[in-house]
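Enquirer: For reference, the chains in residue letters:
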Amino acid sequence: MKPESTPETSPCDQCSGRRSFLAKLSIGLSGLIGAMMVLPGVAFVLGPVVRRKKEVWRAVGKLEQFDNEFKLVSYEDPSPVPWSGVTAQSGAWIRRVSDTEFIAFSITCRHLGCPVRWVKGPELFMCPCHGGVYYKDGTVAAGPPPEPLHRMQIRVVQGEVEIKTTPVPLTTTPLKASEV
Amino acid sequence: MNRIKKIWNWIDDRSGYSDYALPLLKHIVPRDARWWYVFGSATLTAFMVQVLTGICLAMVYVPGGDEAYQSLKYITEDAFMGSIVRGMHYYGASAMVMLTVMHMLQVYLHATYKYPREMNWMSGVVLMFVVFGMAFSGQLLRWDDNGVWSVMVAAEMAARAPFIGPWLSDFIFGGQTVGGSTLTRFFVFHVFVMPGIIFAGIGLHLMLLLRHGVSEMPNADQPVDPATYKKEYESRLEKTGVPFWPDAMWRDVVFSTFVVLGIVACAAIFGPPSLSSPPNPSNIHSNPMPDWYFWWYFTILSTLPSSMETWIILGSPVLGFLILFLVPFLSNKGHRAPSQRPWSVGIIVFGLTSLVVLTIYGYYKPWSPDFGVKPLPESVIGASSGPVFEGGQLVHQKGCLYCHHIDGYGGHRGPVLSDIGQKLTRQDITIRIMNGGYNMPSFAGSLTSEELSNIVDFLLTRDESQKPQTSK
Chain A
1 MKPESTPETS
11 PCDQCSGRRS
21 FLAKLSIGLS
31 GLIGAMMVLP
41 GVAFVLGPVV
51 RRKKEVWRAV
61 GKLEQFDNEF
71 KLVSYEDPSP
81 VPWSGVTAQS
91 GAWIRRVSDT
101 EFIAFSITCR
111 HLGCPVRWVK
121 GPELFMCPCH
131 GGVYYKDGTV
141 AAGPPPEPLH
151 RMQIRVVQGE
161 VEIKTTPVPL
171 TTTPLKASEV
Chain B
181 MNRIKKIWNW
191 IDDRSGYSDY
201 ALPLLKHIVP
211 RDARWWYVFG
221 SATLTAFMVQ
231 VLTGICLAMV
241 YVPGGDEAYQ
251 SLKYITEDAF
261 MGSIVRGMHY
271 YGASAMVMLT
281 VMHMLQVYLH
291 ATYKYPREMN
301 WMSGVVLMFV
311 VFGMAFSGQL
321 LRWDDNGVWS
331 VMVAAEMAAR
341 APFIGPWLSD
351 FIFGGQTVGG
361 STLTRFFVFH
371 VFVMPGIIFA
381 GIGLHLMLLL
391 RHGVSEMPNA
401 DQPVDPATYK
411 KEYESRLEKT
421 GVPFWPDAMW
431 RDVVFSTFVV
441 LGIVACAAIF
451 GPPSLSSPPN
461 PSNIHSNPMP
471 DWYFWWYFTI
481 LSTLPSSMET
491 WIILGSPVLG
501 FLILFLVPFL
511 SNKGHRAPSQ
521 RPWSVGIIVF
531 GLTSLVVLTI
541 YGYYKPWSPD
551 FGVKPLPESV
561 IGASSGPVFE
571 GGQLVHQKGC
581 LYCHHIDGYG
591 GHRGPVLSDI
601 GQKLTRQDIT
611 IRIMNGGYNM
621 PSFAGSLTSE
631 ELSNIVDFLL
641 TRDESQKPQT
651 SK
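One line per chain: the protein sequences are A and B, in this order.
The first sequence begins at 1 in the numbering used here and counts up by one.
The second sequence begins at 181 in the numbering used here and counts up by one.
Hints listed in this document are in silico derivations from the structure and should not be mistaken for laboratory results.
Even for Gly, the Cβ is constructed at its ideal location relative to N, Cα and C.
Accuracy of the hints is not assured; some may be wrong.
Claimed, not checked - The calculated DSS-like cross-link candidates involving lysine-lysine, where the alpha carbons are at most 27 Å apart (straight line), are:
#, chain 1, residue 1, chain 2, residue 2
1, A, Lys54, A, Lys71
2, B, Lys206, B, Lys419
3, B, Lys554, A, Lys71
4, A, Lys120, B, Lys554
5, A, Lys136, A, Lys164
6, A, Lys164, A, Lys120
7, A, Lys62, A, Lys164
8, A, Lys136, A, Lys120
9, A, Lys136, B, Lys554
Claimed, not checked - Here are some chain A residues the structure puts well away from chain B; computed CB gaps all over 10 Å:
#, residue
10, Ser16
11, Arg19
12, Ser20
13, Leu29
14, Ser30
15, Ala43
16, Ala59
17, Lys62
18, Asn68
19, Val97
20, Ser98
21, Phe102
22, Gln158
23, Gly159
Using the sequences provided together with the hints, build the complete structure.
Expert: What follows is the structure, given as C-alpha cells:
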C-alpha cells in the first residue's frame, strides 16, 4: 500500500524507467481488460434503444362489433417477447363513424402516459392521474396534456377490423418554440 | 475454558480483531450528542432489514411478465410467513426513506457538513438519491397495474428530455412499450445495481465517519475555523470524549430496536400493501399512484402550469441533487449552531411544511376528476320532478360532478357550485357550459338544448342564502 517503498539505495539504475514502463503497461492492460468486459454488455443492454421500431397490423374484432360509441380494444404490442404474458397487451379506443370510417385513439394520455377512460355522459376522455381531459375528437379539453390523443390507423380486412400498432406515443420535448 | 481461550486467541491474532476492528468500535466520540445521532445508524438497520427480507423475497419472486404478479400473490397469500416478510420489506422501505431524510435533516440542522466533513455529506446525498431510486423501483416490482403505469409515467417523463428523450424511454421500457423485457430491467437495478451502490456508499460513508470523527453538538461559541478545527476537536475529545462502544452506541441500539419492532409490528398488524389488478397495460380501470413517500412529488407534477412542466420534471431532480450535493461548498466554515443559522432553520421548517402539505394534497389529489362520485339525492336537488330535478340528475350523468362540488357531493378539481346561482346569471352559466373555460371542457357538443336548459335551471337554484339555516 505504500507508494514509495523501494529503498533509495537501490543498485538498479534502470529501475525507474522499467518501473514506469511496467506501471503504464499495467494501467493500459487494465483498461483493455475493462473494455473487453464491459463493451459487449453495454451493447447488450442498449439493444432495445437501437432496435428498429416495428409497426404491425393487429386484428381487434369483427366489423359489426363497432358502432358510433367508443369501444375499448386490446391487442398484442408489436414486438412481444415469449414470456410477456399479459404485459404484451396494449389498448385503444375505437369508434366507427360510418361504414368505412373509424376513429381510434391510443389509451395513453399525452401528459405522462396514464390510461385515459372514455366517459359516455359528457363525451370526454378523462385521465385519472393528473387531470387531463380530451374531447371526443382527441383534442385537449382541460388539464396538463400538451398534445391531443394519439390517433391510430384502422383498416378493415375481410370483415376484420385491424389496428396499426405503434410504439407508445411519447410526448417528446416541446422545445421547438416555433410550433406553439 | 483454557482451550476456548486459546482458540479465541488464535482467531483474534490471525484475524486482527483486537488490533483493527475493536479500536474502530471503541473510537472516542463526543459525549454530548445523546439522542440526536441515532438516525444514521437506524437507517443502516433499516437497510439490513431490506437486504435480509429482500433476499428471502427473491427466492420466490419471479421477475417475468405474468409470473411476477402470481409469485407475489403466492408470497402474500400462501407462503409460510410470506405476508410478514413482504410486509417487513414494505414497511422497512418506508422506514428507510423516512430515516434517511431525518438523518439528513439532523445533519443539516447542526451543519455537520462543514469542514472537514464535506465528503461525508456528499456521499450521504448520493446515498439518499439511490434510496429514492430503490423506493421507486421497489414499488414497481410489485408488478400490478400500478407498477405498469409507474413505468409508463417514468418513461414518458424521460421522453421529455431534449434530444435523447426517446432513447431514454426505450431504455426504460427495454423496447418500444411496456412488455416482457421491462420488469427484468427494474429487477436488476433494484436487486443488483443499486444495492451494490448502497453497499459501496455506506462503506465510504462509514470510513469517512471514522476518518473525521463524530461531530460534536454545535456550540454557538465554537464556530468552525478550518485552520484550527482539527486541533481543537482532538483536544476537546481527549478531555471529554467517550468510547463509541458502548457509551454512545447503546442509544443507537435502543432506537434501532424500536425501528425494527415498528417494522415487524406494522407487517404483522397491517400486512403488506394489497396488489391491484394484474399488469395488463390495456386495462384502463387503473388509478395509478405512487407510494406515499412520493405523493409530494406527485402533487408537484399535477399542479404545475404546463408551460414550465417539462423544465421542472427534468430539472428539479437534477437541480435538487446538485444543490444538496454542493451544500458544503456554499458554506463550509463558521457557525454550526441552529441559533446562529436562522435561515437553515427556516429552510427546514418550510421544507417540512411543504412536504406535509403536498403529501396531503397528493393523497386527496383534488386535481383529478373523481370517477366514483355519487349522484345528488333529492334532498340536495330540492325537487323531485321537473326541469330542476332533471338538471340535478344531469350534473351527475354529464360528469359535472366529477370536478365540481355541490353540498357535499362531487369532486374537487373545479370551483364549488353550491352557491353558483347567487354568483352568475343564467346567461353567464350558459356561456360557461357551452364554451368551457380555463381547465373546463366545452360541453356544446355533448348537451342538447333541453339538457342544457335543465342544468342551468338546476344551477340557478344553488343559492346558499335561500337555504334554511336550521341544519346548523
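Enquirer: Would you mind marking each hint as holding or not holding in the structure?
Expert: Taking the hints in turn, this is what the structure says about them:
no.: 1; hint: A/Lys54 - A/Lys71; result: holds (25 Å)
no.: 2; hint: B/Lys206 - B/Lys419; result: holds (16 Å)
no.: 3; hint: B/Lys554 - A/Lys71; result: holds (24 Å)
no.: 4; hint: A/Lys120 - B/Lys554; result: holds (16 Å)
no.: 5; hint: A/Lys136 - A/Lys164; result: holds (20 Å)
no.: 6; hint: A/Lys164 - A/Lys120; result: holds (25 Å)
no.: 7; hint: A/Lys62 - A/Lys164; result: holds (16 Å)
no.: 8; hint: A/Lys136 - A/Lys120; result: holds (10 Å)
no.: 9; hint: A/Lys136 - B/Lys554; result: holds (24 Å)
no.: 10; hint: Ser16; result: holds (32 Å)
no.: 11; hint: Arg19; result: holds (29 Å)
no.: 12; hint: Ser20; result: holds (30 Å)
no.: 13; hint: Leu29; result: holds (24 Å)
no.: 14; hint: Ser30; result: holds (19 Å)
no.: 15; hint: Ala43; result: holds (13 Å)
no.: 16; hint: Ala59; result: holds (15 Å)
no.: 17; hint: Lys62; result: holds (18 Å)
no.: 18; hint: Asn68; result: holds (13 Å)
no.: 19; hint: Val97; result: holds (14 Å)
no.: 20; hint: Ser98; result: holds (18 Å)
no.: 21; hint: Phe102; result: holds (18 Å)
no.: 22; hint: Gln158; result: holds (24 Å)
no.: 23; hint: Gly159; result: holds (23 Å)
Every hint from the earlier list agrees with this structure, and none is contradicted.
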